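Student: Residue numbers (the working numbering), protein chains in the order written: chain A, 1 to 297; chain L, 298 to 659; chain E, 660 to 946.
Simulated from the structure, these hints should not be mistaken for lab results.
Please note: incorrect hints may appear among the correct ones.
Derived DEER-like restraints, expressed as beta-carbon distance ranges [unchecked claim]:
(1) Gln831/E - Ser198/A: 40 to 46 Å
(2) Leu208/A - Ser507/L: 55 to 61 Å
(3) Lys728/E - Asn185/A: 43 to 49 Å
(4) Trp155/A - Pro861/E: 44 to 50 Å
(5) Ser5/A - Asp327/L: 55 to 61 Å
(6) Gln831/E - Ile95/A: 53 to 59 Å
(7) Lys438/L - Leu208/A: 39 to 45 Å
(8) Ile749/E - Asn185/A: 44 to 50 Å
(9) Lys860/E - Ser198/A: 45 to 51 Å
Predicted, not measured: the structure shown is a model, and the values here were computed from it.
Built from N, CA and C at the ideal position, the CB exists for glycine as well.
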Amino acid sequence: MEKKSMKGWLYLLPAILFLGVFMVYPLVDVCIYSIEEGYNSASQTFYGYGKYNFSYVLRDPYFLQAIKNTFLLVIITVPLSTIMALLISLALSSIKKFKELFQTIYFLPYVTNTLAVGLVFMILFKKTPYSDGMINALIHLFGGSSIDFIEGPYWAKMLVMCIYTIWVVLPFKILILTSALASVNPVYYKAAKVDGTSSFRIFRKITLPMISPMIFYLVITGFIGAFKAYSDEVAIFGTDLNASGMNTIVGYIYDMLYGDSGGYPSYASAAALILFVIVLTITCINLLISNRNVHYS
Amino acid sequence: MKIRLEKLTKKYPSRDRKSREEVTAVSNFDYEVPDGKLIGLLGPSGCGKSTALNMICGLEKPTTGRIWFDDDDVTDLPPEKRGVGMVFQSYALYPHLTVRQNIMFPLENFKGKDKLSKEEMMAKADEAARLVQIDQLMDRKPGEMSGGQQQRVAIARALVKRPRVLLLDEPLSNLDARLRLQTREEIRRIQRETGITTIFVTHDQEEAMSISDYIVVMNVGEINQIGKPQEVYDSPVNLFVAKFLGTPPINVFDGEIKNNALFVGNDRILENTGLGDQKVTVGIRPEGFLPDPEGSLVCELSSIEVMGRDTSVVASHPACQASSLRAIIGSDSREGLKTGEVRFKIKPDKVHIFDSEQVRIS
Amino acid sequence: MEKNSAANKKRTEHPVRKTLVYIFLVIWGLVVLFPFYWMILTSVKSYSSYNSEYVPKFFTTSPTFQNYKDAFTAVPLARYFLNTIIFTVITTALMLIVIVLSAYAFARLDFRGRNITFTLFLSLMMIPNELVIITNFMTITNLGLRNTFTGLILPSVTSIFYIYLLKENFEQVPDELYKAAKVDGTSDFKYLVKVMIPICKPTVITIVILKVIECWNSSVWPRLITDDEAYFLVSNGIQEIRENGFGRENVPAMMAAVVIISVPLVVLFLIFHNKIMEGVSRGGTKG
């Protein structure tokens, strides 16, 4: 019996080692960092324990800007991308010809390097002294005046940000919703048709409830993902997000940790814990709402 | 090789965490399996027959008791050291390997001085495949074969390492009816040819009766009866065994012994029982009924089913424990039967009498 | 007869609505594909012709491969590529060993504390990367592993999600196969290698593909842990090109670099798109 137990643990040993060092220990450690005041990463010394790191971070204008950016991004992109994904998936599931082709094309952004494609988006939206950029050319075509989306007004930068984020997150959502739609038993549709139900009513009363767990899953993961936005911002606005005023919470954490303004793991830890609390709260609220509205079979 | 099972008992911790009580799957299993015979381990599902088989195989350790293969105590040996071959209910063929690779798989585990060369393995695999007549299919994958063919591969794989004992767990239950008949003859033939002591587990009494040298009837973890199939059928030790063997099943009545005669309800069906006055349970085999206007058992006939050679008569009797009884009669005695009252003469050797403990007393 | 019923079917399916649906799908397809088109288009425009287009043209009449040459010569793109391949291969290989062993332990081996350990593993799945990356950064820095492959690789060789995925798959392999193997004296490890992994090959392949995508696109951790160009991965490389690039803002060359970096994954995707999409829809998330 004992030998048998040993064997199991032996097989688990590598995973436990790696998880212990790179996941469990850091989890404890980040909490300790966050209350160590005046930590100096060079000498690895600190003055004492307290909540100063949190109050510093919460008063830091860069962090407040990051919070504002992140929340705006979340509020705009999560609902919008979910609705768009739903529309596209519905359209996809109503056709037969070319369905696979469309599905494959739509999934393409998922496998591409976001930093690389972000660069393309930047080029598309950027306005330079010698070129207006593709998007501005389009705006001209419809009689508007050109805007610098990358270094111009805040709303324009936010717009690009949201567009790129949606472009990046849609493939996953479309895929999930299409397979959810495909898994609805066609018997229900037949039954509804026999009763002469209108197609809108079928959607409201059958399709939507049936795929609501998946929609809800997407909303939750969408919130979590959007709150952790960072790479897409770097892709479009460059590494110095504070300068362009487009930093996110995660960006702030990394900046605090490393980079031009870096070397403050305590502040980074405090910010990371604040982010964790925000995400946890939002997820809990989501769960509460869903319990009332989601139909689980 | 003979197998001696000595007071084998297997207890499991209870599924229900609150109760500390253990569940006894097999208790006091005591039996000496004779050399070179085909043994059918028979019982309803959950009776512990599979656990018993697993203990013989070595997949499970008995809680108490010992297992002897001839003079070797194998109780603490792992399966591969016992020299057993096992065929599983679902065949357990490796789906990604060809038939040949499947059959060779056990040989590849041999180590040290037993290690075989590739050619030896091939030769042994071919030999085993020929024995079960699948040597034409060696390069197929299990998924490309019928259930019956897969079954043969599984048997070949169990036989390839020349086991001292062959164990089969419900070998026929995944086959359709026609194939089942064919395959059980096949198992019988292979067993005869190899002379390997073979134990197979089944819940199908017909299957066990048809090919076994001996059958072991189990119920709730205990052996009820061991014997040649016909002996067990003709003289079951208790009501359970009587009910479990035979299709259609035995008809059970509430009865009484009065003045040396056996009464079923008000019908006096047997004389000179040699038993004292008491309440009894009476079992009458379906073939024990003879339609006879003079007969003593008065029933209400509800339907007649002609099934080729035999005729099955469905009737009812107030003392019958079931709502209807079923009798099998030869087609010649069918004439003149019609619904309504019918009288049967009872063949005494097809009647079993059980006391209040359900043990057979006559 | 056949023709008739087909016609009937068409009539009931609202041809106008159907056309609208297709138009909608095509438009979205263009939105998805356009950046790729633009990136390829720009990458074959010459530096001078790109900069002379105040209003960018949607096509080019004189494609050039000069930019691709520049991408490899002016910046160490080949080096980034090689680094990424080394990083991806080693990480994926190590991860496979770790997760296969754990998944097997959870799915097949019987030992005290198995269920509670598995629950603990699952609960770790909820921990966001951002929370642990700080300490990992400090750990790797303190160990002097910055600017090494070891430092790059170590934190990403376990994935609880993949352990979970594989464990579920392992559990679907019938119990009887294991018993049959035991009767033949097969060791647990041999059973894992000879039976479990071959049977679960589709899942293993899916996991490998997903991990390769993840490695190829990873950018945050590599950026934290490397500042020596010799250890840059393609993601950092592209960032480096963007900021310090070709000495001057050379957009076509930049796009050529982007194309080169994107090609391997797009090719992988085109070959395995069914497997990848199936794998992702079984609950995968990006990163």
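Student: Taking the hints in turn, state whether each one holds.
Tutor: A quick look at each hint next to the structure:
1. Gln831/E - Ser198/A: 40 to 46 Å: Since the Cβ atoms of Gln831/E and Ser198/A sit about 42 Å apart, the hinted range of 40 to 46 Å holds.
2. Leu208/A - Ser507/L: 55 to 61 Å: holds, 59 Å
3. Lys728/E - Asn185/A: 43 to 49 Å: Given about 57 Å between the Cβ atoms, the range is violated.
4. Trp155/A - Pro861/E: 44 to 50 Å: holds, 47 Å
5. Ser5/A - Asp327/L: 55 to 61 Å: For Asp327/L against Ser5/A, whose Cβ atoms are near 33 Å apart, the range 55 to 61 Å is violated.
6. Gln831/E - Ile95/A: 53 to 59 Å: violated, 33 Å
7. Lys438/L - Leu208/A: 39 to 45 Å: Holds, since Lys438/L and Leu208/A (Cβ atoms, about 44 Å apart) stay within the stated range.
8. Ile749/E - Asn185/A: 44 to 50 Å: The hinted range 44 to 50 Å holds for Ile749/E and Asn185/A, with Cβ atoms some 45 Å apart.
9. Lys860/E - Ser198/A: 45 to 51 Å: Distance hint for Lys860/E, Ser198/A holds at roughly 47 Å.
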